[in-house]
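Student: Sequence:
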Amino acid sequence: MKLSPSLLMLPVALGVGFMAGRQGEKAPGKETTVEQQNTRESRAALRSPRSDPFGGQSFSLSSMDDIHDLFKKQGRSVASARMTLAVNSLKADEIPALVEMVQKEFRENPDRYDSDSYALMGALFERWALVDPAASIAFVNSCKSRSFQKSAAASCFGTLGKVDPNRALLEFEKLPKGEIREAAGMQLVSALADTDPSAACDLLEKESSPGAFSEYYTSEIFGKWAKTDPAAAAARLALMPPDRVGDQSASQLAANWALKDPEAALKWAKSLKGDWKSNSASEVYKVLAREDPEAAWERLKGEPGHLRGKIVGGILGIVADEDPNKAMSMLMGLESKSEQRIATGQFLRQLNWGDTRLAFELMDQIKDPAIRRENLGNQMYYAAWSAPDLLKEQAAKLSDREKIDTSDAVLRGLISSDPTAAEKYFLALPEAQRDTNTLSRMLSQYSNTDPNKAFDFAVSLTNPQEQTAAVKGLFENWSREDPEAAAAGWKKLPAGQSRLEALDNLAGSWGRSDPEAAKVWADSLTGDERARALASVLPAMARDNPATASSQLSALIASPPDGMEKNLADSAGKLAGQWASDNPAKAASWAAGLPDGQSRDEGLKAVSRSWSQYDAIATAEWLGTLQSGSSRDAAIQPLVDQIRKTDPTTAFSWASSISDDNQRLNQLRQTLSSWRASDLNAARAAFDAADLSDKERESLAKEVK
Numbered sequence: 006m007k008l009s010p011s012l013l014m015l016p017v018a019l020g021v022g023f024m025a026g027r028q029g030e031k032a033p034g035k036e037t038t039v040e041q042q043n044t045r046e047s048r049a050a051l052r053s054p055r056s057d058p059f060g061g062q063s064f065s066l067s068s069m070d071d072i073h074d075l076f077k078k079q080g081r082s083v084a085s086a087r088m089t090l091a092v093n094s095l096k097a098d099e100i101p102a103l104v105e106m107v108q109k110e111f112r113e114n115p116d117r118y119d120s121d122s123y124a125l126m127g128a129l130f131e132r133w134a135l136v137d138p139a140a141s142i143a144f145v146n147s148c149k150s151r152s153f154q155k156s157a158a159a160s161c162f163g164t165l166g167k168v169d170p171n172r173a174l175l176e177f178e179k180l181p182k183g184e185i186r187e188a189a190g191m192q193l194v195s196a197l198a199d200t201d202p203s204a205a206c207d208l209l210e211k212e213s214s215p216g217a218f219s220e221y222y223t224s225e226i227f228g229k230w231a232k233t234d235p236a237a238a239a240a241r242l243a244l245m246p247p248d249r250v251g252d253q254s255a256s257q258l259a260a261n262w263a264l265k266d267p268e269a270a271l272k273w274a275k276s277l278k279g280d281w282k283s284n285s286a287s288e289v290y291k292v293l294a295r296e297d298p299e300a301a302w303e304r305l306k307g308e309p310g311h312l313r314g315k316i317v318g319g320i321l322g323i324v325a326d327e328d329p330n331k332a333m334s335m336l337m338g339l340e341s342k343s344e345q346r347i348a349t350g351q352f353l354r355q356l357n358w359g360d361t362r363l364a365f366e367l368m369d370q371i372k373d374p375a376i377r378r379e380n381l382g383n384q385m386y387y388a389a390w391s392a393p394d395l396l397k398e399q400a401a402k403l404s405d406r407e408k409i410d411t412s413d414a415v416l417r418g419l420i421s422s423d424p425t426a427a428e429k430y431f432l433a434l435p436e437a438q439r440d441t442n443t444l445s446r447m448l449s450q451y452s453n454t455d456p457n458k459a460f461d462f463a464v465s466l467t468n469p470q471e472q473t474a475a476v477k478g479l480f481e482n483w484s485r486e487d488p489e490a491a492a493a494g495w496k497k498l499p500a501g502q503s504r505l506e507a508l509d510n511l512a513g514s515w516g517r518s519d520p521e522a523a524k525v526w527a528d529s530l531t532g533d534e535r536a537r538a539l540a541s542v543l544p545a546m547a548r549d550n551p552a553t554a555s556s557q558l559s560a561l562i563a564s565p566p567d568g569m570e571k572n573l574a575d576s577a578g579k580l581a582g583q584w585a586s587d588n589p590a591k592a593a594s595w596a597a598g599l600p601d602g603q604s605r606d607e608g609l610k611a612v613s614r615s616w617s618q619y620d621a622i623a624t625a626e627w628l629g630t631l632q633s634g635s636s637r638d639a640a641i642q643p644l645v646d647q648i649r650k651t652d653p654t655t656a657f658s659w660a661s662s663i664s665d666d667n668q669r670l671n672q673l674r675q676t677l678s679s680w681r682a683s684d685l686n687a688a689r690a691a692f693d694a695a696d697l698s699d700k701e702r703e704s705l706a707k708e709v710k
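All residue numbers for the sequence shown refer to the numbering used here, where the first residue is 6 and numbers rise by one.
Bear in mind the hints are in silico, worked out from the structure with no lab data behind them. Take the hints with a grain of salt, since some may be wrong.
Within a straight-line C-alpha distance of at most 27 Å, the following computed BS3-like cross-link-like pairs (lysine-lysine) qualify [what the hints assert, rightly or not]:
1. K96 / K109
2. K149 / K109
3. K182 / K149
4. K211 / K167
5. K306 / K211
6. K397 / K342
7. K306 / K291
8. K167 / K179
9. K372 / K397
10. K182 / K155
11. K331 / K229
12. K265 / K211
13. K496 / K571
14. K650 / K700
15. K155 / K229
16. K278 / K331
17. K408 / K315
18. K167 / K232
19. K397 / K408
Okay, the calculated beta carbon distance ranges per label pair [as the list claims (entries may be wrong)]:
20. S343 / S422: 47 to 53 Å
21. Y123 / A563: 58 to 64 Å
22. A682 / T200: 56 to 62 Å
23. E626 / R702: 29 to 35 Å
24. K496 / R548: 25 to 31 Å
25. A375 / A237: 45 to 51 Å
26. L685 / S343: 37 to 43 Å
27. G602 / K496: 47 to 53 Å
Fair warning: this is a prediction, and the values are worked out from it, not measured in the lab. Even for Gly, the Cβ is constructed at its ideal location relative to N, Cα and C.
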């Protein structure tokens, strides 16, 4: 689309007027009575252009390169302001060409998030809605790009809702249901919150899809409304459907109401229930504390204990902003130990975000060792995450027990900010006190930032248990994020348990994300490693190609490598369960055809578990065709578990038919225990009539007493 000459360069220069005097524009004269009723967009189109108060290098709105350069060379706020000033001088017929320019930028760079382009796009749509609302709405309705359409809908309806809410609502009603209507609705609700909160609530109530209207927007309505008429806002909040509002809306209402009338606000807050009550009352007390913290503190002592515990942290945070020692003195003056414990946790959590060093200084004043232990881990995490010098300083003060107790928190913080420091910190711990679960989680996080360095650290560990745990954590995450790179790393692992467990993780994760590629990789291996990898990959293949996957798994089960019986049995169960969710009869036939043993038992058990969830009758009919033995026993148990609470009579009968003595007794005991809770007499009658040995009857008698 060819740009008009006036768009080829819109200069914005330091010390000179910006867009001073557009050629051919009529200067505004004295308004008539009719003109005084013009909409804001008409007046905006006629006003004289404003000068650029920010200055800087000139730029062209018609060049995306100039826009990007502007944001690179000046702060984002200044660049956005300068660009908005330029956009605000555009005429209606100049905007479509610029919209097309931004669209072209997105088409040429579909995978790049470009905040500069989004900023320009938002400004253009807002301006368009002001100077030519009909054209902007027409674009919303006709645009083929969903991302552009959503952005245009949000900007246009947000702007139109501020300058002409009646028209905005009328046009909004014409939008079809879906994400475009939701995007427009969110911004329209926000706009109406300023001028007509009741209308904003009406819109929230009638829209069929409340998910798009997040709590942010609803809290904005009631927070603003409370500044002008809090009683009306509270009355309307009480009438809103529960799926449209939450405790954040009540909290914002209470906070702004308290600025006008804290007594009325607190009375209203305490009339609420649950989180609405505690969070709203906390906001009121924060307002009171800013005015007179001592009075607020004394007043809080008269509140019920459960409410005090949820409010006290907010007051202490406000006091600590000016006088931390005073806040700590107030905290230590609490008479109830439990209340002091709860308040300490709240107080320190608030401080950690803004002043971790101060939080440690106050922590040193805590005399109760239990309260200190409860909060020290969080303190060390924040220090590890954001303040390495503070971490070193505080770690030097810890006792050996505290170092062990806080090691998980410290390592979680360090691994995100300084992985090398995390390695050193872990190795500095006494070897007998190192936790392998902590190590596994640490390596899982490490793989997100530098999997190759994480790999080097894992294999450098000399303790076999630690190396296994480290490799396990590394490959659990690495295999999900980049299975091909993980496969290359796996080849470097020495033989042993770590290599085998990493193989299981890699094959399982890769099989779930790309079963065909995982199968090719598994087939490239040799010997037992190939069989082990296929045992993990084939169940994932069953989602798309169960016949081929089951055939290959059957071949492995028929001639299992040494030590692979359990792996293959697990694989048979996973494959049969996956297949049974779509075709239980075929899955059952396949599992029944496996050789006697663990794999057959697990396969039939998985079929029964999947099938009985949605058709217990058909499952029971199928079970009746199986021959007595371990496989039938295994398959009966999921059916009994499924129907025990809804049909205990049938469950008891099936449990009685299990051939294995221990399994039968266990299932009968669980069934009677569940049955007695709903109908003890019926459970007793079934027990009395059952064909049980004396030993079984003696063992089960207590379940029906």
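Student: Against each hint, give a clear statement of whether it holds in the structure.
Tutor: So, going through the hints one by one against the coordinates:
no., hint, result
1, K96 / K109, "21 Å, holds"
2, K149 / K109, "13 Å, holds"
3, K182 / K149, "16 Å, holds"
4, K211 / K167, "20 Å, holds"
5, K306 / K211, "43 Å, violated"
6, K397 / K342, "31 Å, violated"
7, K306 / K291, "15 Å, holds"
8, K167 / K179, "19 Å, holds"
9, K372 / K397, "23 Å, holds"
10, K182 / K155, "13 Å, holds"
11, K331 / K229, "34 Å, violated"
12, K265 / K211, "31 Å, violated"
13, K496 / K571, "24 Å, holds"
14, K650 / K700, "26 Å, holds"
15, K155 / K229, "26 Å, holds"
16, K278 / K331, "32 Å, violated"
17, K408 / K315, "30 Å, violated"
18, K167 / K232, "18 Å, holds"
19, K397 / K408, "12 Å, holds"
20, S343 / S422: 47 to 53 Å, "35 Å, violated"
21, Y123 / A563: 58 to 64 Å, "60 Å, holds"
22, A682 / T200: 56 to 62 Å, "58 Å, holds"
23, E626 / R702: 29 to 35 Å, "30 Å, holds"
24, K496 / R548: 25 to 31 Å, "27 Å, holds"
25, A375 / A237: 45 to 51 Å, "48 Å, holds"
26, L685 / S343: 37 to 43 Å, "40 Å, holds"
27, G602 / K496: 47 to 53 Å, "33 Å, violated"
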